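Participant: Same order as they appear, the protein sequences are chains P and A. Taking my numbering, the leading residue of the first sequence gets 1, the next gets one more, and so forth. Taking my numbering, the leading residue of the second sequence gets 385, the next gets one more, and so forth.
Treat the hints as calculated values from the structure; they're not laboratory data. It is possible that part of the hints are untrue.
[Claimed, not checked] One side only, chain P facing chain A, incomplete, derived with CB under 7 Å:
| id | residue |
| --- | --- |
| 1 | S99 |
| 2 | L101 |
| 3 | T127 |
| 4 | E128 |
| 5 | I132 |
| 6 | F134 |
| 7 | F136 |
| 8 | S138 |
| 9 | A140 |
| 10 | W142 |
| 11 | H144 |
| 12 | P154 |
| 13 | N157 |
[What the hints assert, rightly or not] In silico BS3-like pairs for lysine-lysine, Cα to Cα no more than 25 Å straight-line:
| id | chain 1 | residue 1 | chain 2 | residue 2 |
| --- | --- | --- | --- | --- |
| 14 | P | K194 | A | K882 |
| 15 | P | K129 | A | K871 |
| 16 | A | K413 | P | K156 |
In this text the structure is predicted, and so the values were computed from the model without any measurement. Think of the CB as a built atom: it goes at the ideal place given N, C-alpha and C, for glycine as much as any other residue.
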Amino acid sequence: MNGLKIKNLRVTYDKKCKHSYRNMFKQSINSVNREACSDCQNNHECMRVDKLDKNKYFDNKNLNKSVIDNFNVDIQSGELIVILGNSGCGKSTLLSAISGLKVPEEGSILFEDEIFFDSNKKIDIATEKRNIGFCFQSYALWPHMTVEENIAFPLKNRKMSKKNINEKVKWILEIVELLGYEDRYPNELSGGEKQRVALARSLVYDPKLLLLDEPLANLDAKLKKVLVKKIREIHDKLNLTTIYVTHDQNEAFEIADRIIIMKHGKIMQIGNPVEVYQNPSNMFVSNFIGQNNFLSYEDMEKLNLHDRKKDMKNSKLSIRPEKIMIYKDEKNDNSNILKGIVSQISFHGDYTDYIISINNINLQVREFASDVKNKGDEVCVKFT
Amino acid sequence: MNKKKDNKKILDSHPNFSFIVKQKGICEKRIIPFVLFVILAVFIVYPIIMLLSSSIMINGKFSLSAYKEIFTDRSTYIALWNTIKMELGILIIAWVVGGSLAILRHKTNFKHKKWIDKFVFLSLIIPSYILAISWIEIFSRGGYIYRILKMINSDYVFDFNAYSLIACSIVLGLHLYPHIYYGVGNSLKMIDNNLISSAKICATEKKTIVGKIIIPLVLPSFISTALLIAARSMANFGVTAQLALPSGKEVLTTRIYSAMSDLNLSEVAVLSIFMILLAMILFLISEKYINKKNYAVDNSSNSSDEMLISLGRWEKPITFFMFLYFTITTVLPFLVIFLSSFFKRWGLKLCLKNLTLNNYRLLFADERLILTPLFNSIIFGLVAATISVILASLIVYMYTFRKSKLSTINMTIAQLSIIVPNIILAVAALFAWINEPIKLYGTAAIIIVTYSVLFIPICIKQISGGVKNLDSSFDDAGKVMGISLIKRYIFLFIPQIKDSILAGFVICFLISLKEIPISLLLYTVSTKTLGVLMFTIQTNSYGLEMTSAVSVVVILLSVLGNFGLNKIRKIKK
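Excised from the complex, chain P in its bound form:
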C-alpha cells in the first residue's frame, strides 16, 4: 500500500521567513560563502557571494528562491523515514508543507491516494482536514491545560463521547508511560515528560501520518537515547507512517528505516542507514555523515598508494577514520602500509581519535584499542 508520495515539490521562502536570504546575509555572510560553495559537487544551485552588491544580489527575484526544490520521494506505509540535514536545509519547511502549514509553490503531495496538495489540480486541503499528527520541537503544549486536557482536547473537538475520550487518554498515557501525570500542568513536567505528552497528544486521535520536527532537540544526550528507543517502539506498535526530522546523525541512524539527506532543499541521498554510511552518493553525504578523510589524486601520489587509478584524477578518495588501522611496526608484505607521526590525540573513552601526519598530509584515524599512543609517536597505518 502506498504511503506518502511527494512529486516535484517546490516551496519558496516567505519574504519575512527567518531563513530568508536577506537574514542569512545579515547573520554571517562569510560562513554562507564558505560552507555553501566548498562542498558543491554536483551542478546544483548554490549560494555564491562573490561581489558583495547587496542590492543587486538580494532583489525580489532572489528572495523568492526555493527552500525546497524539485523534491520527489515515495514513502511506504508504516515506514519511519528520517530527514537529516543542517539547519536551514528545508527539513522543517518540508514538514510544514506536508502538514499544510505552508503552501508550496508547485508540486503534489499525496497520502494513500488522497490528494493533500496539487498545484496543477488547484487542490489544497486545509491543515485541519489532513488528519496528521505533528510533534513540534518546542512541544507546543498548551500551558493553561493539564496533561489530560492537552491530550483530550483534539478528541473533544472530534465530538467523541466522554467515556471514549477517557479510554483513549488512558490508552495513550499507558503507551508513553505517563499514567498518573494526568492532572499536572506542562510547567510541572520535565523536558522528557513534556516531549512524551506532546507525542501522546499527536497520536491520540489516530492520525494516519506522524510528523516529528526535531522532537528531541531540547533534551540531554542520555534522555535522547531513551526516548529515541521509545519513539521507535511506539512506531512499531502502531505501525504509523512517520517522518522524523533531525540534524543529529546518531538519532537518525538509531531510529530510521530509511534516511533522506537534504542540502539546500534538495535530496542528496535516500537509503537505509547502512547504505548511506557505507556508500555515500556524493561528497556532501560522505562529509556530512560521520568523519572522513578526503584524498585527492595528488595526495594519493604523495602517500604512494598503490591502488590509485588514472580515472580518479578528477575525484577524491574518501576513507572513514575507522577504516584505517594503526600498527606499531611496519609490515613489509603489505603495500598499503604507511609511516607517520601522531600529531593530535583526542580521547573519547571507548575510542581514541588521532591525527597522523604522513608526508605533510593529515589523516584522521579512529582506534578502539585501550592503549593510547602519545603525541610524536611514530606509527604505521594501513587502509583496510
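Following the hints, put chain A in place on chain P, whose structure we already have.
Facilitator: Just chain A now, with coordinates in the frame of chain P:
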C-alpha cells in the same frame, strides 16, 4: 474512502476551477479578517473620512476656502503658539521633576526609593482635571491660600491669577511627569555598570563617558517620552478648558470646542485635521527616533554591584525636599478636594460649622445627579471595554498567527486612533453619526462606539505584550489536530492571554470613568457620564464643593480600579 470520493467528485465537476475552497479553516481565515476590516472601516476610517470631507467640501462642492479662512486668521496662530508655549512649560517641568526623581531612584543610594515609586504612582492615577480643580481651589480668588491669608490679615489684597497658560503647564506637567520618570528610569536601569567600567579601563575621561556613553543611551527614551507628553498635552481638553479659557487664552483643543459651540462646523473640521496632522508628525518622529536609536543593551551580566552615587550629607535635605514636594503636589490636592467636598458652600470660612455631609447626601439622593452618570459611565465603560478586548484580541490573533495582507491592514487601521486626540475622535463621530445612513447621535451607542475606537489600540498594546511570551507553534499544533480557527482562538489563544486581556479591560474601564471630551461632545440628557458631570456641575447652580464631591467619588473609583489592576499585573508576573 468517502473523502477520496469527495475529492474526485469535486475535481470532476470543476475541471477549470481556479481554487477549490472546501475547507472550513480556509473560509474562516478569509472571512474573519474581512468582517474585522468592515467593522474597522465603518467605525474608524469612515468618521475620519467624513471629517476630512467636511473640511474640503462646502455645500457639496470641493473647496479649500475653510482652510484658507482658518490659516489666514490670526487667532489660529495665537492658539497654536499658546499650545506650543504651554507644551514647552509642561516639558520643562516634567523633565526636571521626572528626570531628577528617576536619577534619585536609580542612580543614588537614596533610602526612601519605595516612597518615590508610591507617590509617582499616585500622581499618575489622579485625573488631570481633578488636579486642575484642586489648583483652582487652592490658588483662585476665594481659594484656600486667599482665605488663610485673609484670616491672618483682613486687609490683604489678592492679586494672583490662577487662570493662565502657566497654570495649565504646571498642572499638566505635574500630571504627566511620571511618563518621564518611568521612561528615563527604564533606560537608566539598562545602563550596565560594565559599560562604564569598560570605558574607565580604556582610560576614558569622566566627561567623555557621560557625553559618549550615558547620554546617548538615555537620550532616546528622554526624547520619545517627551514626544509622548507633547502629544498628550496637546490633546488635553479638561485642564485647558478649566484653567486657560477663563483667562481668555485659547489653545487648539479649546478652540475646537468653542467652534463646536458656535456650530462653526467647517472650522471644527479644519482644526481637527490640522491637529491630527500635528499629532501624526509627533508620532512619526517618535517612531522613527525609537526605531533608529533604541539600543538593545545586553543586561544579562550578573556582575558588578551597582555603582550608586552616594548622597552623603545631602541625604537629609533631599529627603526633606522630596517629601515636601510630594506633599504639595500629590497629598495636598487630595486633601483640598476632600475638604472642599464637605463645605456647605464654596468660599465660606474655614471652620467646623461650615462643613457638612449634605453634599454627598444630595449627590446620592437625587438620582439624576450622580447615580445616572455613574451608572452610564460604568455601563459605557464595560460595554466599550468588552467590545474593544474582543476586537483587539481577534485582530492581534489574526495578525500574529494567521498573517495575511488584510490582517496587517486591520492591525494598522485599528491603531490609527492612537494619534487622534480624544476631542477629535468625538468630533469625527459627530460628523459621521449625526445623519443617515447610520444615525447614532443622541443614543448611548455613539459614546460606546467612540470609546471603543479609543480603547482598541490600548487593548492591542496590552495583548501584543502578552502574545510575545507565547510559544509560536501552539496555534499550529491546534491546527494540525483539526481544531478550527474559532475554537483555537477561544480555547487556546484567549486562556493564554487572559491576564493581558483583563489588564486592558480594566485600563479602558478606568479611562471611561474620568474621560471628558468624548462624552462632553456626544452626550444627551439621558447619556450623561461622570466626566460630563464633573465638567458641568459647577455651572448648574452648584459650586466647587459639589465638583469636589464628585471628584472624591471618581478618585475613589480610580484608586480601587488601579489597586485591582496592580493585582492583575502581579499575577501576570
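Participant: Work down the list of hints and note, for each, if the structure agrees.
Facilitator: Tested hints:
1. S99: Holds, about 5 Å.
2. L101: holds (5 Å)
3. T127: holds (5 Å)
4. E128: Constraint on E128/P satisfied, holds at 4 Å.
5. I132: holds (6 Å)
6. F134: holds (4 Å)
7. F136: holds (4 Å)
8. S138: holds (5 Å)
9. A140: holds (4 Å)
10. W142: Check passed: Cβ of W142/P comes within 6 Å of chain A, closer than 7 Å.
11. H144: holds (4 Å)
12. P154: holds (4 Å)
13. N157: Where the cut-off is 7 Å and the nearest Cβ of chain A is about 5 Å from N157/P, the hint holds.
14. K194/P / K882/A: holds (23 Å)
15. K129/P / K871/A: Roughly 15 Å between the alpha carbons, so the hint for K129/P and K871/A holds.
16. K413/A / K156/P: holds (22 Å)
The earlier numbered hints are all upheld by this structure, with none contradicted.
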